[in-house]
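Trainee: Here the structure of chain A is known, so what remains is to put chain B in place on it, guided by the hints.
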Amino acid sequence: MNTQAKKTWRLGDDGVRVGAFFVILGIFALINPTVLSLVNLFAIVNNACFIGVMTMGLMIVMITGNLDLSLASIGLTSAFSTIMLYQAWGWEEGGMYLMFVIAGAAGAVCGLINGFFVYKLGIPGIIVSLGMGQVYNTLLLILTGVTYIPVLPEGMRRLNRTFILQVETALGTAGICFAVLIFAAAVLLVWFVLNKTMVGRGIYALGGDKVAAARVGFNIPLLYGTAYGIMGMLAGMAGMMFYANNTLFQSDWILVEQGNATAAAIFGGVIMKNGKGTVGGVVVGILLIGLIQNNLYLIGIPSYAQKVVVGFIILTSVAMASFNQLREWGKSR
Amino acid sequence: MNKATNEDRRVWVELRDSIFRERRTVGLLVVLVALAFVMSLLNPRNFPTIPNMRSMMLQMAETGIFTLAMFVIMISGGLNLSIVSAANFSAACMASVVTGKIFTGIESPAGKVAVGVALAICVGALCGSLNGFFVSKLRLNALLVTTASSQLFEGAAQLITKGGSIVNSQIPSITTFGNGAVFGVLPNAFLMTLACYVAAALFVNNTKYGENSRLLGANETATLYCGNNNVRTLMTAYMLSGIFSAVGGITVFAKMGIVRSEYGSSLSSQALLTLVFAGLMIVGGTGKVFNVILSLVILQMVASGFNLARLTAYSKSLCWGVMLMFIVIMSTPQAEGFFRVFGKLLGSGKKGGSDAGGDTAGARGP
Numbered sequence: 007m008n009t010q011a012k013k014t015w016r017l018g019d020d021g022v023r024v025g026a027f028f029v030i031l032g033i034f035a036l037i038n039p040t041v042l043s044l045v046n047l048f049a050i051v052n053n054a055c056f057i058g059v060m061t062m063g064l065m066i067v068m069i070t071g072n073l074d075l076s077l078a079s080i081g082l083t084s085a086f087s088t089i090m091l092y093q094a095w096g097w098e099e100g101g102m103y104l105m106f107v108i109a110g111a112a113g114a115v116c117g118l119i120n121g122f123f124v125y126k127l128g129i130p131g132i133i134v135s136l137g138m139g140q141v142y143n144t145l146l147l148i149l150t151g152v153t154y155i156p157v158l159p160e161g162m163r164r165l166n167r168t169f170i171l172q173v174e175t176a177l178g179t180a181g182i183c184f185a186v187l188i189f190a191a192a193v194l195l196v197w198f199v200l201n202k203t204m205v206g207r208g209i210y211a212l213g214g215d216k217v218a219a220a221r222v223g224f225n226i227p228l229l230y231g232t233a234y235g236i237m238g239m240l241a242g243m244a245g246m247m248f249y250a251n252n253t254l255f256q257s258d259w260i261l262v263e264q265g266n267a268t269a270a271a272i273f274g275g276v277i278m279k280n281g282k283g284t285v286g287g288v289v290v291g292i293l294l295i296g297l298i299q300n301n302l303y304l305i306g307i308p309s310y311a312q313k314v315v316v317g318f319i320i321l322t323s324v325a326m327a328s329f330n331q332l333r334e335w336g337k338s339r
Numbered sequence: 076m077n078k079a080t081n082e083d084r085r086v087w088v089e090l091r092d093s094i095f096r097e098r099r100t101v102g103l104l105v106v107l108v109a110l111a112f113v114m115s116l117l118n119p120r121n122f123p124t125i126p127n128m129r130s131m132m133l134q135m136a137e138t139g140i141f142t143l144a145m146f147v148i149m150i151s152g153g154l155n156l157s158i159v160s161a162a163n164f165s166a167a168c169m170a171s172v173v174t175g176k177i178f179t180g181i182e183s184p185a186g187k188v189a190v191g192v193a194l195a196i197c198v199g200a201l202c203g204s205l206n207g208f209f210v211s212k213l214r215l216n217a218l219l220v221t222t223a224s225s226q227l228f229e230g231a232a233q234l235i236t237k238g239g240s241i242v243n244s245q246i247p248s249i250t251t252f253g254n255g256a257v258f259g260v261l262p263n264a265f266l267m268t269l270a271c272y273v274a275a276a277l278f279v280n281n282t283k284y285g286e287n288s289r290l291l292g293a294n295e296t297a298t299l300y301c302g303n304n305n306v307r308t309l310m311t312a313y314m315l316s317g318i319f320s321a322v323g324g325i326t327v328f329a330k331m332g333i334v335r336s337e338y339g340s341s342l343s344s345q346a347l348l349t350l351v352f353a354g355l356m357i358v359g360g361t362g363k364v365f366n367v368i369l370s371l372v373i374l375q376m377v378a379s380g381f382n383l384a385r386l387t388a389y390s391k392s393l394c395w396g397v398m399l400m401f402i403v404i405m406s407t408p409q410a411e412g413f414f415r416v417f418g419k420l421l422g423s424g425k426k427g428g429s430d431a432g433g434d435t436a437g438a439r440g441p
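Line by line, the protein sequences are chains A and B. Per my numbering, the very first residue in the first sequence carries number 7; after that it's consecutive. Per my numbering, the very first residue in the second sequence carries number 76; after that it's consecutive.
One chain only, chain A, in its complex shape (with noise of 0.2 angstroms):
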């Protein structure tokens, strides 16, 4: 009744996160000011686009309560199918946009298949997806027996020089790239279906608990279906992304982007238990990833220490989104 009136400052609330986003940024600007120029506000962003497209699409299944592990996997194959596409139709110009679509729709196709794992089989998605996670990774490079691509269509190449924005400030020229707008519409996406849905209020609440979601009347394999496809196809469309900027196809660099994925998440505030996560927050978490990942070395620390910096800022994250749990199961009882 009077729930709004009575809300108190917590530890893991999105405002909490924004503001460590704004301290580090803070922290990041008094060492080296340059943190804070345009060139490279921008290329933040920019850099930030494909772990959050990826970001995005795992957290809308982690929100239903299960890990997903093959995002990479997704991402490789279907850019590695699209790719093989586009060679074999003989495309060198054009087909920017039309190779989202088809990284897309492949990438759907593969969520689906873990979906369908999890709800008809109830077999855990951290395992459907360690398994199937194995099998996209491998079964198309065996099939065509490649590995490795070292020029990739000009058309895709075309991505990291298309600017949507581009201002000339001191340090040079800033740009907001392409794929920025790929990103906004993925956060648009799966914030729409979250929020403004029925199947989103059902991704919810399977989240907090399958059964009574399915007692409710909530649709409970067009729940799963819909989490999963989005998974996928933004999966798919984060690994076109991935190897477009790369211009060049390496089976496996793409594989230690999971981890950076499952971190934004983490940080963003989805625990995976209760049906919890907003998108602000996950965006929150998605730039302050880019946002270390970028900028460390210029505030003098060396590229070895990032990974132990982005380790302790999620643990301590996974920290206070327990508090704020364990404060309400203590108001419950």
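Please note that a few of the clues may not be correct.
Unchecked claim - Now the in silico label distances, taken between C-beta atoms and shown as ranges:
1) B:Leu117 x A:Ile170: 51 to 59 angstroms
2) B:Thr124 x A:Gly214: 51 to 59 angstroms
3) A:Val205 x B:Leu299: 32 to 40 angstroms
4) B:Ser93 x A:Arg221: 36 to 44 angstroms
5) B:Phe401 x A:Asn201: 36 to 44 angstroms
6) B:Leu117 x A:Leu332: 54 to 62 angstroms
7) A:Ile226 x B:Gly302: 34 to 42 angstroms
8) A:Met90 x B:Val397: 18 to 26 angstroms
9) B:Val101 x A:Leu127: 21 to 29 angstroms
For the record, the hints were derived by calculation from the structure and aren't laboratory data. Bear in mind the structure is a predicted one, so any value in this text is a computation, not a measurement. Each residue gets a CB set at the ideal place from its N, CA and C atoms; glycine is no exception.
Mentor: Relative to the frame of chain A, chain B by itself:
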């Protein structure tokens, strides 16, 4: 019907029931023998030889110890995705002692090794208790915690190795020991892992802790009402897991003579595959050490067979992925119908139907 045939029948029924109860073990044994036969037939020159056995045992020493680290967590119903990074972290600590980066006061190689091993095991236990604290005290999802902490441990290892690797050129006897073998057949590392397995089996089967962790995996709410100290059980489980991870790290370091922070990223999914193969389900409450050893040998045979047949690493991981999916699908309640038909064909109508979680029940053991 005279008495003798009655007696015969009773013995037969008992035998049949015990085979049915232990059918996971029996099945694994059958697969093991069949696989050994097929592999020997396919590679008659290379497979059934002492050098191949030796290299298989050497590889199993490494995967086996990581499987054990996952096993102690999995019987209590959790998962630990940070075993490999914890292992690399502890191995990096040991390597920096051995190469004289820290504790420079120690002069003798034996002292360095002793301090290094002790430090590695302490670091492993510390990593484990960090996970345990988050899971038991803060009551967070084990998957989430261990994913996050694996980033931290990997980062810490990266910090120590400075993003590259630490090579042990100071004390070559470590590498000699790691690759050495008793009587030229049984690798030292393998014996070490075997000792860990025996210790774990004794610990899990004969102590109150083992009982508690099984119960915790089977039904958490029930253990709370029984008044079990779940915090202590989980802390012990994660500490054990951390210590086994550290032993794994030491094994890798002794074998390779080198520490890299990103070593063996596929080992944790391999450990999970081995355990699922051995009949442990992710919900916990079950687990037999003997089955784990059997499935370890089977998977190693597949891997070695693929190597000997000169297939790529890609096809090996594809094979593992497919096997994992197959085994998991066969263990689901939905596969019950299949088992029922199969049981009727075999004529054991007694338990075929009530066998929803059949494999998990079978693996529970005495």
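Trainee: Look at each hint and say if it fits the structure.
Mentor: Hints and how they fare:
{"no.": "1", "hint": "B:Leu117 x A:Ile170: 51 to 59 angstroms", "result": "holds (58 angstroms)"}
{"no.": "2", "hint": "B:Thr124 x A:Gly214: 51 to 59 angstroms", "result": "holds (57 angstroms)"}
{"no.": "3", "hint": "A:Val205 x B:Leu299: 32 to 40 angstroms", "result": "holds (35 angstroms)"}
{"no.": "4", "hint": "B:Ser93 x A:Arg221: 36 to 44 angstroms", "result": "holds (41 angstroms)"}
{"no.": "5", "hint": "B:Phe401 x A:Asn201: 36 to 44 angstroms", "result": "holds (39 angstroms)"}
{"no.": "6", "hint": "B:Leu117 x A:Leu332: 54 to 62 angstroms", "result": "holds (57 angstroms)"}
{"no.": "7", "hint": "A:Ile226 x B:Gly302: 34 to 42 angstroms", "result": "holds (36 angstroms)"}
{"no.": "8", "hint": "A:Met90 x B:Val397: 18 to 26 angstroms", "result": "holds (22 angstroms)"}
{"no.": "9", "hint": "B:Val101 x A:Leu127: 21 to 29 angstroms", "result": "holds (25 angstroms)"}
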